[in-house]
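As you go down the protein sequences, you meet chains A and B in turn.
Going by this note's numbering, the residue at position 207 of the first sequence is 207; the numbering climbs one at a time, nothing skipped.
Take any residue in the second sequence, note its place counting from 1, add 211, and you have its number in this note's numbering.
It is worth saying that the hints were derived from the structure and are not from the lab.
Glycine included, C-beta positions come from ideal geometry on N, C-alpha and C.
There could be a bad hint or two in this list.
To be verified - Under the rule of at most 25 Å between Cα atoms (straight-line distance), these lysine to any residue pairs were calculated in the SDA-like manner: (1) A/132 / B/416; (2) A/132 / B/397; (3) A/68 / B/397; (4) B/279 / A/179; (5) B/343 / A/197; (6) A/132 / B/396; (7) A/132 / B/393; (8) B/254 / A/34; (9) A/58 / B/390; (10) B/343 / A/194; (11) B/269 / A/29; (12) A/132 / B/408; (13) A/43 / B/245; (14) A/132 / B/380; (15) A/15 / A/103; (16) B/279 / A/185; (17) A/132 / B/400; (18) B/269 / A/39; (19) B/279 / A/186; (20) B/216 / B/262; (21) B/269 / A/120; (22) A/68 / A/22; (23) B/269 / B/334; (24) A/58 / B/244; (25) B/343 / A/191; (26) B/279 / A/178; (27) B/343 / A/181; (28) B/254 / A/121; (29) B/343 / A/193; (30) B/269 / A/34; (31) A/68 / B/396; (32) B/343 / A/205.
Claimed, not checked - Simulated DEER-style distance windows between Cβ atoms: (33) B/223 / A/21: 49 to 55 Å; (34) A/152 / B/270: 48 to 54 Å; (35) A/200 / B/263: 49 to 55 Å; (36) B/401 / A/121: 22 to 28 Å; (37) A/200 / B/360: 23 to 29 Å; (38) B/223 / A/207: 51 to 57 Å; (39) B/212 / A/85: 51 to 57 Å.
Number of protein chains: 2
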Amino acid sequence: MPFHKETFDRIPQEKRDHIFTIAVSEFAQRGYAAASINGIARKAGISIGSMYSYFDSKEDLFLAIVDKGYELLERVFRELSREGSFRQQLLELLHTALRYARQHPDMNNLYLGVMTEELAPLSMRLSSRVEKVSVNYYHHMLQAAVNRGELRADLDIPLAAYLMDNNVLMLQLACSSGYHRYRLQHFVGERAENLEQLANSLCDLIMRCLQ
Amino acid sequence: MPFHKETFDRIPQEKRDHIFTIAVSEFAQRGYAAASINGIARKAGISIGSMYSYFDSKEDLFLAIVDKGYELLERVFRELSREGSFRQQLLELLHTALRYARQHPDMNNLYLGVMTEELAPLSMRLSSRVEKVSVNYYHHMLQAAVNRGELRADLDIPLAAYLMDNNVLMLQLACSSGYHRYRLQHFVGERAENLEQLANSLCDLIMRCLQ
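Kindly produce the complete structure, drawing on both the sequences and the hints.
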């Protein structure tokens, strides 16, 4: 079930994208509770009446956006190469995560809200498809490399996937979020200025647990 | 500068703790924007007038709580053993992180709010002392183990500290937060039921990057 109403499908793509862009920015910067569907309509130059003909509630608008973000992430995962050495694939994953965060900083920061306890009941309404896509991607990538003999045979694949994703996620958040960039600076100082280079070093470090 | 007013110092410790407990729970469960100083006063059985004689604003009450959480974390770090092998120290760190999260689930979840972009300007008002304490702890622990020859001589200590803390933090959040527990389940399935055992396996995996 989509979170928007049929009316929303009938307006031009450009207008749909415009509403989403404004809404993502409002939710990411003000937080779910402080953002309002009226404020978003006003900023998007749309009447409140139209807005409610597209979405039943703020909750549905928020879920529609998060769902769109999941779609985007799914596409990112699908476009990742499944060729080359494991090291090359991990490097590509880290750099793609950084590029995604730079291209969609508000969307990336939106997940900081999704992670809070306040929004946990709401997040449960979301399909878990993105988690499935990412977990499957990691498992497949790790298993194939174990099969090729690039990684050790007794590797704890589920836990290795979790460790990898924890670090990809935190680096990605350091791209777009004030708190996470600040935290990273505390750990690595000026090296936080060059996240691409840091991603290369992180790749080397992660490779060691897996081999 | 403390975030509370002098009057707050003059009430009994028990009453101060009670106000903090209620406030932590409200902020953690409803989020910063949705929680109100009036609602907290009501739940704590305290008049609004008294509440404002203790704290100038919701912002100050929130910062006072986060600061108290930092104090708690500092104490946790100070009490960690600096004896034993590196592996023993890392195990102790992981298990202490889990115990802290189980004992203080609301306080632990409060940091999910501190991490959001919405609260970034507010977080900047906090001292960075907890980050300093934890970063120093990791650096010291890693450097000492390199010096003893337990970890490899060319280890990238700042980045290793960051990788360790990323994983400690995510495991700790899986203890108290709905979203993070759900995410962990996607990665490791039923093993998410026994976080202590998972911490042991995570310790083994992390050790490999460092040796």
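Q: List in ascending order the numbers of the hints, as given earlier, that are violated by the structure.
A: The structure breaks none of the hints.
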